[in-house]
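Participant: The residues making up each chain are set out below.
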Amino acid sequence: MPAMDRFASAETPSPAWAMTRWIKQIKARYEDRITGHLVLAARSGEYAEIPGSLPAGLRTALAARGIRQLYVHQRQAWDAATAGRHVIIATPTASGKTLCYNLPVMDAALRDQAKALYLFPTKALAQDQLAELLALNQAGDLGVRAATFDGDTPSDMRTAVRLGGDIVVSNPDMLHQGMLPHHTKWARLFESLRYVVIDEVHSYRGIFGSHLANVLRRLKRICAFYGSDPIFILCSATIGNPRQHAEALIGAPVEAITASGAPQGERHMLLWNPPVVNSELGIRASARSQVTRLARMAIRARLKTLVFAPSRLMVEVLTKYLKDVFDPDPRKPARIHAYRGGYLPLTRRATEQAMRAGCLDGIVSTSALELGVDIGALDVALLCGYPGSIAGCWQRLGRAGRRQQPSLGILVASSQPLDQYVVQHPDFFTSASPEHARIAPDQPLILLDHIRCAAFELPFVAGERFGELDASDYLAVLAEAGILHAEEGRYDWIADSYPAQAVNLRSVADGNFVVIDRTEGKRVVLAEVDYGSAALTLYEGAIYMVQSQPFQVEELDWTGRKAYVTRTHADYYTDAIDYTKLKVLARFGGSKAGHGSCYHGEVHVVRHVAGYKKIRYYSHENIGYGPVNLPDQDLHTTAVWWQLSREVLLAHFADSAAALDAFQGASHAMHTVATLVMMAEARDLVRTIADGQASDAPGGDVAGGPGIRDESGSTSEPALQTFMPSLYLYDPYPGGMGLSEPLFQRQRELITRARALVEDCTCAEGCPSCVGPVIGDPREPGRSRKAQALCILGLLAAP
Amino acid sequence: MNTLHAHLVRLANQAGRSASLPTHSESHPGCFEDPTRSRLRALLAQRHHAACEDLPGVAIAPGLQFVETTDTVLLNGTAIASGRLAVDPIRCSQLVFLDTETTGLAGGTGTKAFIVGVAMLTPPQIRIRQWLLTRMAAEGALLQSVAEALPPNPVLVTYNGKSYDLPLLRTRYRMNRLPEPFGDAQHLDLLHPVRRRYRNVWPNCRLTTAETRLLGTVRVGDLPGSEAPAAWRRFLATGESDGVRRVLLHNAQDLTSLARVLFALNAVG
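Protein chains in written order, with the numbering used here: chain A, 20 to 818; chain B, 23 to 291.
Derived from the structure by calculation, the hints contain no laboratory data. Be aware that one or more of the hints could be misleading.
Unchecked claim - If the Cβ cut is set under 8 angstroms, some of the chain B residues that face chain A in the computed set are:
id, residue
1, H27
2, R32
3, A34
4, G132
5, R157
6, T193
7, M197
8, P201
9, R218
10, G247
11, R256
Claimed, not checked - Restraint ranges, calculated between C-beta atoms of paired labels, are given here:
id, chain 1, residue 1, chain 2, residue 2, range
12, B, P189, A, A521, 21 to 27 angstroms
13, A, G85, B, R221, 34 to 40 angstroms
14, A, A179, B, R218, 44 to 50 angstroms
15, B, R241, A, H627, 55 to 61 angstroms
16, B, N175, A, R177, 29 to 35 angstroms
17, B, L62, A, R104, 24 to 30 angstroms
18, B, R221, A, A179, 55 to 61 angstroms
19, A, Q568, B, P189, 54 to 60 angstroms
It should be emphasised that the depicted structure is a prediction, and the values quoted were computed from it without experimental measurement. Quick reminder that beta carbons are idealized off the backbone N, C-alpha and C, glycines included.
Could you put the whole structure together from the sequences, leaning on the hints where they help?
Facilitator: Encoded structure:
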């Protein structure tokens, strides 16, 4: 029987009826809030023969672990890899992907002493996998040497791994900083490297994925130097474009296996829309309050519950709410834990272990837990808000019921338009194809970083390509900066530095802030915050929370990248108020869009944090403001934008305030559909309204909150004669991440979809689901924000 | 070119990285884009040639300078027969003192040895041979010359060579696809016996400290090893050879000291 079955006896499953009863209960009680109930029936497996050529020892090892046949996708992966084709296996969580790569790798190690390199996005996953490998190895007494190599590997072990490891289990960061720059020490591995296994490739999207693609370009360059040409075996959760994504990552054709042969337990999924509390304004109860209630109920029903919160801040808030109920006595072991990035690794390991051991009843987490970190059996997964992608949804919901039990996932919608769209269209989940993972390996800064690292590893010969790319301009820049030495058509590293050290794969650049607790004279590092969010979370006066313990930022050392905090007892949290200015630097292309035009190009964005709000717990009332004095955040990136001529605007709008409001409404809908169409995370695309004619007017002073933040604060009201509002969607990363061009290509479709979104919305005057929150008195018919936004979209639509 | 550079610097700053791309303070041959490029190249080649003329020794291959000196060295004894140093009895003719000067201390495949110094003894004579790169491209020639200069069955003597000089040279041979000449040669890294004996006695165990304490000599006008990489980069970029000459002297002095420290340790027991 398949590998997963061995877990069945090791646990005490909560009886299926407990789950079924609870689902019945909440369905009866909250019928009006549940907009959909999907049941994925339990599915039996599809099997295939174990390959006849498998070495006897390996066959014995499989038998010892109860495996007498393979799932059909495992066999397909074997066939592809052993025939020398790169392959990606994109099947659901817990479908036995591990064996897809362990079999060909073990086979090659036993047969030809060929070596393999495994890459996992985190050290914790690498540890899980090593345990798996060692168990298989032991079961058949195979003598294959597998070891992890990461920051935790003791130095006396390192040489042994370098010289004697058949399978080296590591992570992209270690390959980038520890292995490639020292490739001569790894010569034995690189010389006979047969397979490179990369798991969880759906997590290598955006910046991290773009970095990884470049690390792999470097890896292939080094392999070529040692005369090897490894086969890549990639695994992914379900995504829409596994083959294309894999090909973008490794820069070569890849075969995709997407149908799983693994059996699966029954899965329930509820779509939950919080009740309307103000029908005129279309305001609903918050997702946070609903999730808190559901989590309490589930935990009381003795169901192990995992809550996914949309932000680190929300993790802390929700943890506090649950701890207030379940952990009233600090002397007892905690039943609720928070888990998120920014916590120190030891804290996270402790939480993982406690959860595996069944000591915890609830975990509140960000997407940090989305990856396959093993935390044992879970009954209920609660999603506080749509995570921005279908793949992300399934990945998170899949954390419940990994082991063939009935399980329940509840998606609780927020008032965000994307969420509202999703819960009101339950068929979205069954019909829409999952997202595409996108990367931009040729992003200029990322590319420069990796060409620099590559030059350190091996000199570049003039005309040499990096991946498919002509590197000569970048090499010349590096030579000019004195980092490379150009001589007789060769670029040699000459600087006295170790470039990989300065390149962080998880950001466009490494400028992380550390948060230092100096309560009572201590100096303890609490957490790290990336450069991009520092201005929004670490301003002086901010409440910064760790495990729902509030700390107040007392001092922010901007140049030293440090924030000093002390423990506090505030009954409020803080949220930054920020404004954005935008200026067009260059147009790459343009076309007509109805009565207006659409362009894409390079823009300069300036973000200013003006102050912050203090928000009281539970009541969420605003109890005060504070000022923030921080340098403006500059950003050169790429954008797509729409504008209408002054004449058209004058003909349709009474004044600039009306036009601006209409654009805000339209931008809301456009951002929603753009996110949907691009299958991007909402935070990877930012909308703003700014002056469209930067050439003859000062930079637009108009506030438009970035992304999901809403337009807060006042806006100046320039006369329509001098101001031409334009609707911008841009990448919030220096240099852009390649979203604006595909958006420009599909601009007509975006307008059409945005129009349909607003037209089909059931509200009367506009609501957070379509054109954003409408504040103030109802307006006369035809002048509502909804009508105004439709006017703009109508003007931009092709006739 | 400059615009791409400026653009990249700007983006880097926006991403929160301030000092990632040094502004260019040195100009480099080979990366000029203007029409006078070939003329400049010719001038630079001339300057380079002139700079090499200023150096001691002879050019034995394009871009490779070879310097040989012989000196008289006062040694504490005439042979090391020492079980005390945990080696088999060694004949002086087998001893190969080795010291490198490198382009940086960062380690990894991007760091090169631009000087390799090798010294051998016929007491009281010490014969010092040094190979200096005057062009990047000559690295392969340098490594080959060094390999040819080693006697059969050498016993290497270094200071911190086990963790620094030898791994670095091995990497260089591999990078140049050349056979690595050291094999499993015996290797006396003097840092280790010095540390064992004097760790708690001296303020530190650097070679210069050992010279002062064991040999009673003090270097005058020595170029600190940490300044060597910059001196060599300056030579490559501008042809200014003073720094490199001082690095050669420093390297030769290190080699002589190695020999004297070895015999001093042997005598101290």
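Participant: All the hints need checking, so say for each whether the structure fits it.
Facilitator: A quick look at each hint next to the structure:
no.	hint	result
1	H27	holds, 5 angstroms
2	R32	holds, 6 angstroms
3	A34	holds, 6 angstroms
4	G132	holds, 3 angstroms
5	R157	holds, 6 angstroms
6	T193	holds, 4 angstroms
7	M197	holds, 7 angstroms
8	P201	violated, 13 angstroms
9	R218	violated, 19 angstroms
10	G247	violated, 12 angstroms
11	R256	violated, 11 angstroms
12	P189/B x A521/A: 21 to 27 angstroms	holds, 23 angstroms
13	G85/A x R221/B: 34 to 40 angstroms	violated, 57 angstroms
14	A179/A x R218/B: 44 to 50 angstroms	violated, 25 angstroms
15	R241/B x H627/A: 55 to 61 angstroms	holds, 57 angstroms
16	N175/B x R177/A: 29 to 35 angstroms	holds, 30 angstroms
17	L62/B x R104/A: 24 to 30 angstroms	violated, 51 angstroms
18	R221/B x A179/A: 55 to 61 angstroms	violated, 28 angstroms
19	Q568/A x P189/B: 54 to 60 angstroms	violated, 47 angstroms
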